[in-house]
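Chemist: The chain contents come next:
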Amino acid sequence: MAMKVLVGCKRVIDYAVKIRVRPDKLGVVTDGVKHSMNPFDEIAVEEAVRMKEKKLAKEIVVVSCGPAQSAETIRTALAMGADRGIHVEVPADQMALLQPIHVSKIMAKLAEKEAADVVLLGKLAIDDDSNQTAQMTASLLDWPQGVFASKVEKKDSQLEVVREVDGGLETIKINLPAVLSADLRLNEPRYATLPNIMKAKKKKVAKMTPGDLGVDVTPRIEVLTVEDPPVREAGQTVSDVEELIGKLKDKGFSS
Amino acid sequence: MSLSSIARYAPRSCRHLFALSSVQSTRHMSGLGEATFTELPETHQMLKDTCRQFAENELWPIAGKIDKTQEYPEQQIHKMGELGLMGIDIPEEYGGTGLDALAYAVALTEISRGCASAGVIMSAHNSLYLGPVKYFGNHEQKENYVSPFIDGTKIGCFCLSEPGNGSDAGAASTTARDEGDHYVLNGTKAWITNSYQAEGVIVFATTDKAKKHKGISAFIVPKPTEGLSLGKKEEKLGIRASATSNVIFEDVKIPKENLLGTPGMGFKIAMMTLDSGRIGIAAQALGIAKNAFDTAVEYSSKRNSFGAPISKLQMIQSKIADMALKIEMSEMMMYKAAALKDAGKPFTKEAAMAKLACSETATYVAHQAIQVLGGMGYVSDMPVERNYRDARITEIYEGTSEIQRLVIAGNVMKEYGY
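Line by line, the protein sequences are chains A and B. Read left to right, the first sequence gives residues 1 to 255 (the working numbering). Read left to right, the second sequence gives residues 256 to 673 (the working numbering).
Worth flagging that the hints you see were computed from the coordinates, not collected in a lab. Glycine is no exception: its CB is placed at the ideal position from the N, C-alpha and C atoms. There may be inaccurate statements among the hints.
Stated by the list, open to error - Using 27 Å as the maximum straight-line C-alpha spacing, the simulated DSS-like pairs for lysine-lysine come out as follows:
#, chain 1, residue 1, chain 2, residue 2
1, A, K154, A, K55
2, A, K199, B, K409
3, A, K249, A, K4
4, B, K303, A, K203
5, B, K567, A, K25
6, B, K604, B, K303
7, B, K604, A, K52
8, B, K604, B, K467
9, B, K487, B, K508
10, B, K557, A, K34
11, B, K409, B, K508
12, B, K464, B, K511
13, B, K334, A, K203
14, B, K409, B, K491
15, A, K25, B, K557
16, B, K574, A, K18
17, A, K54, B, K334
18, B, K397, A, K199
19, A, K155, A, K55
20, A, K203, A, K109
21, B, K523, B, K467
22, B, K303, A, K207
23, B, K600, A, K34
24, A, K154, A, K109
25, A, K151, B, K334
26, B, K591, B, K574
27, A, K34, B, K464
28, A, K18, B, K557
29, A, K55, A, K151
30, A, K202, B, K334
31, A, K199, B, K334
32, A, K25, A, K154
33, B, K581, A, K34
34, B, K523, B, K591
Stated by the list, open to error - Ranges of calculated distance between the beta carbons of each label pair, as one might list FRET restraints:
#, chain 1, residue 1, chain 2, residue 2, range
35, A, E153, B, N312, 25 to 33 Å
36, A, M208, B, G672, 58 to 66 Å
37, A, P229, B, K557, 17 to 25 Å
38, B, Q626, A, S254, 30 to 38 Å
Put together the whole structure using the sequences plus the hints.
Modeler: Here it is, written out as structure tokens:
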């Protein structure tokens, strides 16, 4: 029974960009800065496309919550092989206060609406490092979750997921429908080939607002200040272990 | 400072702005959308991102190595074929990607940024080999010599120059003897890019030297073919992973079906092919310039002298400004030439301007980049010395800078009615 896969992708500041704090210290500079798809979401999209190639999935629907430019992120996912897109529009000035709790409510609603069998997300976004959306989505849906997945296989009517955890690798079997989050080693995303970029133009992207899904995205937090991390100070070289221990004691790190 | 930090040529805080002709054509051929003064159409931006990622991941890491070993980047060219780059403006019915000149320019710039040799291999294959067959070939010729040459496993080459004539293309002395149902080719072609790997050869030969350039015809020759041999691989200053050699024809028999266009059309085919090819070389040169420029800017922000990064010194700032300006201006010229071609308008003058501008910018920027890096720029630990060597040829091949100036002046005089 081929599955319907809902994949989330987020438009974030490109990983290679040097981040700068805004002069008003309420955020980082985003104007004119290169953005791209969150790398873990690329891995999620790639996994969905591979499922389709293995005939495990029959349709891939890609979702992005964000401003107008998120449409580009969706189109990149379509160029990688997703079938259609859903753009949940959130104005640019609200993006900083859009939290995983809001996004997971949106994803849960869409999972129900689309009758998805699998919700596939990146394990975290590289701008907020939250690592919450997949877990919250699973909870809202009361679905099993396989997060930090480094391998996913269909075994009869279940999914066998190998998870990367602190102690090593954990293998679990979960029922469908389920929520998964992609970790770094799940796969290596393909390039969007030029012919596929051309084909992506014909694929449909539906537009809607969080309100259309009955989700309230009123901010629940307030940003007080954003600052650069302290400048890293030079270290000190010590001549031997005794001197090291002495210095640690002096600084109160050891007794 | 590590090589990998320099290797991150991608990050820049400004989304790259480029400009285009203000002529908005309602007959825009490709239907992919008009570029404006501030941004590329979405499709082109996406393919630029793909090519940049590819160049960063697959070409940049090997560029230095293949420059030393002069080995042909076979795997990478296959992958470029898979991406759709080795038949980028060939119609989909023949297996190509069906994109336009703007897409070609954008893609080739990013590829060349990663590796100038990969750039010239891609450019020569697309513009000079596929180009003539695309524009002048019949259906059979396209099926035999275009469709199998799209996936990066088979490439072609273009034989116009000879030991005795480069700029003076009309003086071709390679002969084609008409023998009824076939032609017999004799002669030597020089400086042929992709010669060693090519499995398809476009060659220009004269059936009647007395007719001068009107006696030249274009032929497609499969390789290998009896009588076709290669000279030694040239030991070049730059673009060293691209094979360059003589291609020798000794009583090479080719069937009449392999004539491209009509007899005597060869010179026209060559000139029209070179017009489009110039947009390609402009892109290649621009890519080299951008790569050198990125290295120079990053280095200047990290290298300390007189108590501060050298980017604080006015003379370095002056160099950075001049390099940035030349790159922007030549890029605008390249986009204009591509836009005119895509709009179905004459673009000979603009293509020559683009090639001239971009190639002179490449040599200028590479030169100044070495200067900014000082002694570090002179050693192979840093890539600018390779940029400098790679840049030099762009002012020579596909029409020397001098020929470009003649083309531009000739067109200007015509425009003025003289």
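Chemist: Of all the hints given earlier, name the ones this structure violates by number, lowest first.
Modeler: Of the numbered hints given earlier, those the structure breaks are 3, 7, 23, 27, 32, 38, listed in rising order.
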